[in-house]
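*Asks:* Read off the chains here:
There are 2 protein chains.
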Amino acid sequence: MNELPFDQVRTLLAVVDEGTFDAAAAALHVTPSAVSQRIKMLEQRTGRVLLMRTKPVRPTESGQVVVRFARQLASLERDMQMELGIAADSGPARLPIAVNADSLATWFLPALTRVPQNPPICFDLHREDEAHTAALLREGRVMAAVTSSAEPVAGCTVRPLGLARYLPVASPQFAARHLSAGPLERCLPGAPVIVFDRRDELQDRFVRSLTSDGSGAGRLRHYVPTSEGFCDAVAAGLGWGLVPEPQAEPLLRSGALTELLPGRRVDVPLYWQQWKLDVPALALVAATIASAAAESLHNQD
Amino acid sequence: MNELPFDQVRTLLAVVDEGTFDAAAAALHVTPSAVSQRIKMLEQRTGRVLLMRTKPVRPTESGQVVVRFARQLASLERDMQMELGIAADSGPARLPIAVNADSLATWFLPALTRVPQNPPICFDLHREDEAHTAALLREGRVMAAVTSSAEPVAGCTVRPLGLARYLPVASPQFAARHLSAGPLERCLPGAPVIVFDRRDELQDRFVRSLTSDGSGAGRLRHYVPTSEGFCDAVAAGLGWGLVPEPQAEPLLRSGALTELLPGRRVDVPLYWQQWKLDVPALALVAATIASAAAESLHNQD
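Those protein sequences? They're chains P and D, same order as listed.
Residues 1 to 301 (the UniProt record's numbering) are what the first sequence spells out, left to right.
Residues 1 to 301 (the UniProt record's numbering) are what the second sequence spells out, left to right.
Don't take each hint at face value.
If chains are identical, the list can't say which one is meant, so a pair holds when it fits in one copy or spans any two.
Said to hold, decoys possible - Below, a list of computed lysine to aspartate or glutamate pairs in the DMTMM-like style, where the Cα atoms sit at most 25 Å apart: (1) Lys55 <-> Asp197; (2) Lys40 <-> Glu61; (3) Lys55 <-> Asp17; (4) Lys55 <-> Asp200.
Simulated from the structure, these hints should not be mistaken for lab results.
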């Protein structure tokens, strides 16, 4: 990897970030044919196709590896210049982090406010989406992620943060109308349910844990893909759902929600994935997040 | 369009939804070569390339038009079977709708709870993302959208819903620390700011309306891409920002937020875009949303 000419690597990054060869040429102040030439040479040198010539241009799997390398290179270069006091006017450190929606809605932002802002660090948060977070990490578009996936992305380290706790709840009116005609395992599969998105299996798994025939939640499902919207939809009586403990507790106390199975909890392990790279701002944030998670989440054992 | 053989149109839809020719073949219970053959014939008949052979397969601009037609066809067919009482066990009506994050966090969910649920309608909400919402409507992946874009998508009607109102606010501690050294137009460009995502220009436009040199908000920007997270980040003192009125008001009353320019508001017009198609469930939802918006949003004039 060290043998790759940096101008070619930087050109690849510019093409991926700008989306087209022409836009990359404009950003780099070179001609489009120079951009095209550099990419061709880089592909010859690596022996791999690095870019899909779509609109916008997208890196191939091999291309993602080189793009991550390019971003890490830029980050290290910036740190070195800062330390040497020769940094160009490149602005404050910028930390792109992917965070799953429920963490962002509960413990994550208070944790971020604890990160010392001297020198200032700008947070560039992305909503985690498991389908894309691995690609975001692989391409180096985010430096770190709070995710429920324990599977390490290539080039990243993983450490457990703790367990996020969910409570199966509904509004009292909803429970009276849909869940009072018999035992829960019989009523629940036919009742309307709130589901975060197509990948959210929490509700189905919960129903399967109750029923003997292995059936999941019902067909009357509303998809509400924001954390607060999910909780609001349950409180409004559109359906039942598994709500994060910090959001459910005040609503249980006020009587806006009721537990479907008092005392029953569902725990989901969360992980911190980050680049294997010694960036001081990233290390500071990682340590702050880990200690905040230890206070806000439940213990793994 | 009426001349296109329906089996070929349905096959195109299956390929787009399943992502590969093989998966589409499995879903349709035919061989992959039959799928490939039908797509080729459809492309010959329309005289257009309909699919990009990427992984997953994606429709071209022309392909999107045919895909939308296929979805509308399926929706009409379903309605007809329901009316004739010959519907297969296809489940309740499912309405995919894209909604911008701030609407979803404020007035939209209470509006949805007013939609009569007899017969039941399942809501399939997508977070609006202007870059993708036009494509979602064009492909027919959503039937309707609440969006700040007045530009009608091909095949859709647009109607104004009203004005969403935003307040420029910060925490009192933040204002004392960053905005008390001089007039606002001098302090604001240097102060940390919360921005929703790369397409969010509200804060920059607000600063530009104050300054004479046309400069936008500062470089110390934190990106927080959820509506509630945005508001939480402002209240936590990470930066100033333009917060939707319904979220800002209780925090202004409790003293957690303070107005940067008392009385100053920024209004953003919202629109309802939907398929030009007479689906009863869609008409019911559109009417309910429009009347709820008239109550919750401000008047256009």
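*Asks:* Please sort Lys40 with Glu61 into within, between, both or neither, judging by C-alpha distance up to 25 Å.
*Replies:* within (17 Å within a copy, 29 Å between copies)
*Asks:* Please work out whether the CA atoms of Lys55 and Asp197 approach to 25 Å or closer within one copy, between two copies, in both situations, or in neither?
*Replies:* Between copies, since 21 Å is at most 25 Å while 27 Å is not.
*Asks:* At 25 Å max between alpha carbons, let me know whether Lys55 reaches Asp200 within a copy, between copies, both or neither.
*Replies:* For Lys55 and Asp200, only the inter-copy Cα distance (23 Å) is at most 25 Å; the intra-copy one is 30 Å.
*Asks:* Between the shortest in-copy and the shortest cross-copy C-alpha distance, which are at most 25 Å for Lys55 and Asp17: within, between, both, or neither?
*Replies:* both (12 Å within a copy, 20 Å between copies)
Checked against the numbered hints above, the structure breaks none of them.
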